[in-house]
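J.: Next come the chains, spelled out residue by residue.
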Amino acid sequence: MTLIEIENLSVTYTSKGRTVKAVEGVSLRVDAQESYGLVGESGSGKSTILRAICGLAPVSGGTIRIGGKAIPTPRGVAFAAQVQMVFQDPYASLHPRHTIDRTLSEPLAIHGISDTDQRVMQALRDVGLPMSFRFRYPHQLSGGQRQRVAIARALMLQPQILLLDEPTSALDASVQAETLNLLNRLRAERGLTFLMVSHDLAVIDHMCDRILVMQNGKAVEELARADLAGAAMKTDYARSLFNASADRMLEG
Amino acid sequence: MGTLTTWLRDPNPTSRRQARLGQAYLAWLRMRRNSLAMMGLAIVLALIVMAVAAPVLAPHDPFVQDLSQRLLPPGTPGYWLGTDEFGRDLWTRILYGARITLYIVALVAVTAPVIGLAVGTVAGYFGGWTDQILMRITDIFLAFPRLILSLALVAVLGPGIENAVLAIALTAWPPYARVARAETLTVRSSDYIAAVRLQGAGAGRIIWGHVMPMCLPSVIIRVTLDMAGVILIAAGLGFLGLGVQPPLPEWGLMISSGRKYLFEQWWVATMPGLAIFIVSLGFNLLGDGLRDVLDPRSAGK
Amino acid sequence: MTLLSVKNLSVTFDTETGPVQAVRGVSFSLGRERLGIVGESGSGKTMTGRSVLRLIRPPGRIAADEMRFDGIDLLAASEREMRSLRGPRIAMVMQDPKYSLNPVLRIGAQLTEGLRQRDRLSAADARMKAIDALNAVQIRDPERVMEAYPHELSGGMGQRVMIAMMLIPNPDLLIADEPTSALDVTVQAEVLSILDALVRDRGMGLIFISHDLRLVARFCDRVLVMYKGKIVEELAAKDLLHAKHPYTQGLLNCLPRIGGPRGPLPGLDRNAEWAQ
Chain Y
98 MTLIEIENLS VTYTSKGRTV KAVEGVSLRV DAQESYGLVG ESGSGKSTIL
148 RAICGLAPVS GGTIRIGGKA IPTPRGVAFA AQVQMVFQDP YASLHPRHTI
198 DRTLSEPLAI HGISDTDQRV MQALRDVGLP MSFRFRYPHQ LSGGQRQRVA
248 IARALMLQPQ ILLLDEPTSA LDASVQAETL NLLNRLRAER GLTFLMVSHD
298 LAVIDHMCDR ILVMQNGKAV EELARADLAG AAMKTDYARS LFNASADRML
348 EG
Chain C
5 MGTLTTWLRD PNPTSRRQAR LGQAYLAWLR MRRNSLAMMG LAIVLALIVM
55 AVAAPVLAPH DPFVQDLSQR LLPPGTPGYW LGTDEFGRDL WTRILYGARI
105 TLYIVALVAV TAPVIGLAVG TVAGYFGGWT DQILMRITDI FLAFPRLILS
155 LALVAVLGPG IENAVLAIAL TAWPPYARVA RAETLTVRSS DYIAAVRLQG
205 AGAGRIIWGH VMPMCLPSVI IRVTLDMAGV ILIAAGLGFL GLGVQPPLPE
255 WGLMISSGRK YLFEQWWVAT MPGLAIFIVS LGFNLLGDGL RDVLDPRSAG
305 K
Chain A
3 MTLLSVKNLS VTFDTETGPV QAVRGVSFSL GRERLGIVGE SGSGKTMTGR
53 SVLRLIRPPG RIAADEMRFD GIDLLAASER EMRSLRGPRI AMVMQDPKYS
103 LNPVLRIGAQ LTEGLRQRDR LSAADARMKA IDALNAVQIR DPERVMEAYP
153 HELSGGMGQR VMIAMMLIPN PDLLIADEPT SALDVTVQAE VLSILDALVR
203 DRGMGLIFIS HDLRLVARFC DRVLVMYKGK IVEELAAKDL LHAKHPYTQG
253 LLNCLPRIGG PRGPLPGLDR NAEWAQ
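Here the protein sequences come in this chain order: Y, C and A. Sequential numbering of the first sequence, starting at 98, is according to the working numbering. Sequential numbering of the second sequence, starting at 5, is according to the working numbering. Sequential numbering of the third sequence, starting at 3, is according to the working numbering.
Worth flagging that the hints you see were computed from the coordinates, not collected in a lab. Fair warning: this is a prediction, and the values are worked out from it, not measured in the lab. Check each hint, because a few of them may be wrong.
Straight line, CA to CA, 20 Å or less: simulated EDC-like cross-link-like pairs of lysine to aspartate or glutamate [claimed, not checked]: (1) A:Lys230 with A:Asp271; (2) Y:Lys113 with C:Asp135; (3) A:Lys230 with A:Asp214; (4) A:Lys240 with A:Asp186; (5) A:Lys232 with A:Asp16; (6) A:Lys9 with A:Glu154; (7) A:Lys100 with Y:Asp186; (8) A:Lys9 with A:Asp98; (9) A:Lys240 with A:Asp271; (10) A:Lys100 with Y:Glu138; (11) Y:Lys118 with A:Asp271; (12) Y:Lys315 with A:Asp186; (13) Y:Lys331 with Y:Glu318; (14) A:Lys131 with A:Asp121; (15) A:Lys240 with A:Asp16; (16) Y:Lys331 with Y:Glu138; (17) Y:Lys113 with A:Glu154; (18) Y:Lys166 with Y:Asp214.
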């Protein structure tokens, strides 16, 4: 069953009379409980697609459907309960003057969900953070711990879809491994659908079933996981990305 | 004492209140290292004590005139700061004047920043036309010199302490709106605001709960630094006879009435002048210290 | 021949909660070769690199039994002598060109400044040398880049300009601190191979600081692995896959591999004996 359908999506920014086409005519489909990856270099428009889904980027053409229905503008409360996002920089995505408790209980307050204490503590347990962190401020946490809080926050409303915008690129290798394991475990436990953006092919390969390679705002090639491992890409760009991947350097 | 500080320094607070108090305690530790700020704080606290305990501290009545004791120089037994042209003790009147000064300062401090913060954050958050309209109104207010605008307002509303406060508050908010708007513009595009928008929060909740806490420190700093100016404007209005009315012992008014004797009996105008100077200095020093403590750019580390 | 030798280097920061040691007893020596320093954030790798140039600001303190560069005692050298070393003899390339280039000066002006001031070259000669340097880092239209401001360049171009700038005085030692982490992967490979060729052709020493084991393995002869301010393992880059130390192995294994297994990635045991 197709859960996310994006058809011919274009995003255009206008600033000082100049227009920049960040995304041009990209289409993709993600099945329920699938993990779908977007790969590309900076400026390829991969993050912009996520932001467009969330209503954080101006959509200038095309449609986005979730569960067969076109998503409303503004996105609204029902959309929030269905789709949530984890941002790239854990240092910028948590409010610096709110405790972890406040950050996690805010979505509950917005949606009028009671039973706050129970849910906040459960959320901390789910992402593997000790209870004693509940009333800490973000600056008292390490990058990996902050990203766990951000993941917990995204899951507070029990969404079906998690949009992951380079969730580990600001983290150390070992912390990246822990975070990726956490995400995979949560996906298996809750039947989540991932739409994940990364510049790191190895990370995307580890996490995703299908991959869309993007360049300059356009879709270049869609690959199944087996195609990537078998180096069976058809386009030159996808191949050059594959060859430049740091993962290949050990083989030299 | 020992248990209280460990409770405050606990890296794993067990309640919202403990977390907040712990942060406040850390800020206090940072502030305590700044000796000038502590001096400012001491002056402001002294002002508050003087105002509250004026009836206890004052050796005389601030209003009763005694023409036999008029214009005594400082150091006269029983009148250590001297007396004014009606024989009233200057020290007593300065003590009672602290009440009026504090009253004005407090009223301005709770009104002007609130207006400024509301206008600034709303303008900054929504942008576009809302921003244009609100900021142009702010510009109009900013275009007038503050004292002139207060004078005009008092002239329309009539003299008196409440009207003086109203006039000062109405002229003091635009800078706060500017500060709050600038801060809002940087906060608005941050990921944590995007995250809460994504959770379906409305504009009111975002502005009140997420944007304002980030703007508050810069506004508080600005308010403390402005308090000196507010005292001076209040004194200016009193001096011109448009603020507090005689025989109330307002400091500006006292300077005004001492003006006639400035060359022979200098203390009549100088003593309240010194009081204004010291209190203004106190607020400025405190504001500088608060900047170091509250500045969001330094708090992150 | 030893170009740089460091013995028992430690960097201490005096904080309110007492002294914190960022680097604890690091020793290494370097010839005209490519040495990689790898570690996670907070491992002290950057501090080690900066210590060589004595670029640690108070409250940080440097202490060492010996720190010698080409016969010069770096610990005893005056600030004036250090300044004459930084740049002409030992150069440093930082992570993000955005913060290393002056945003209000044209690239040309920044490239020729040193040549005009230090080497007293005429404007025309300095320009010639600068264009040569840009050519050396494979910038195709150096004339245009000379006239550009830093914000008009892409990240990869900016980093190449930085490298060109550092290489103009022909230093003996280049310290590159995460020179490519801010760049895209395809650009990263290009910049690294340029750097690699230059170092080899000119016979420079290179200290390559990175968090990425795979990059270091590819571009260095020898690798130091650091953890919590200490060197936990030193080995030849080609032997990296056969590393003995559990930390090095952990760092390698926790990286996902293309076509690798889908199960949970192995974590890193931070409570083990060696971590203490």
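J.: Please verify whether Lys230 of chain A and Asp214 of chain A have alpha carbons no more than 20 Å apart.
T.: holds, 16 Å
J.: Has the given pair, Lys331 of chain Y with Glu318 of chain Y, been kept, meaning a C-alpha gap of at most 20 Å?
T.: Since the Cα atoms of Lys331 of chain Y and Glu318 of chain Y sit roughly 8 Å apart, the hinted pair holds (cutoff 20 Å).
J.: Against the 20 Å threshold, does the CA-CA distance of Lys113 of chain Y and Glu154 of chain A hold or violate the hint?
T.: Between Lys113 of chain Y and Glu154 of chain A the Cα gap is close to 17 Å, so the pair holds against 20 Å.
J.: Does Asp214 of chain Y lie within 20 Å of Lys166 of chain Y when you go C-alpha to C-alpha?
T.: violated, 34 Å
J.: Please verify whether Lys9 of chain A and Asp98 of chain A have alpha carbons no more than 20 Å apart.
T.: violated, 30 Å
J.: What's the verdict on Lys9 of chain A and Glu154 of chain A, does the C-alpha distance respect the 20 Å limit or exceed it?
T.: violated, 43 Å
J.: For the pair supplied as a hint, Lys240 of chain A and Asp16 of chain A, is the alpha-carbon distance within the 20 Å limit?
T.: Not satisfied, since the Cα-Cα distance of roughly 39 Å exceeds 20 Å.
J.: Measure nothing beyond the straight line between the CA atoms of Lys118 of chain Y and Asp271 of chain A; if it is 20 Å or shorter, mark the hint as holding.
T.: violated, 46 Å
J.: Between the alpha carbons of Lys331 of chain Y and Glu138 of chain Y, is the straight-line distance 20 Å or under?
T.: holds, 18 Å
J.: Is the straight-line distance between the alpha-carbon of Lys131 of chain A and that of Asp121 of chain A 20 Å or less?
T.: holds, 12 Å
J.: Assess, step by step, whether the Cα of Lys315 of chain Y is no farther than 20 Å from the Cα of Asp186 of chain A, and give holds or violated.
T.: holds, 17 Å
J.: Check the hint pairing Lys113 of chain Y with Asp135 of chain C against an upper bound of 20 Å on the C-alpha distance.
T.: holds, 18 Å
In this structure, the hints that do not hold are numbers 4, 6, 8, 9, 11, 15 and 18, in rising order.
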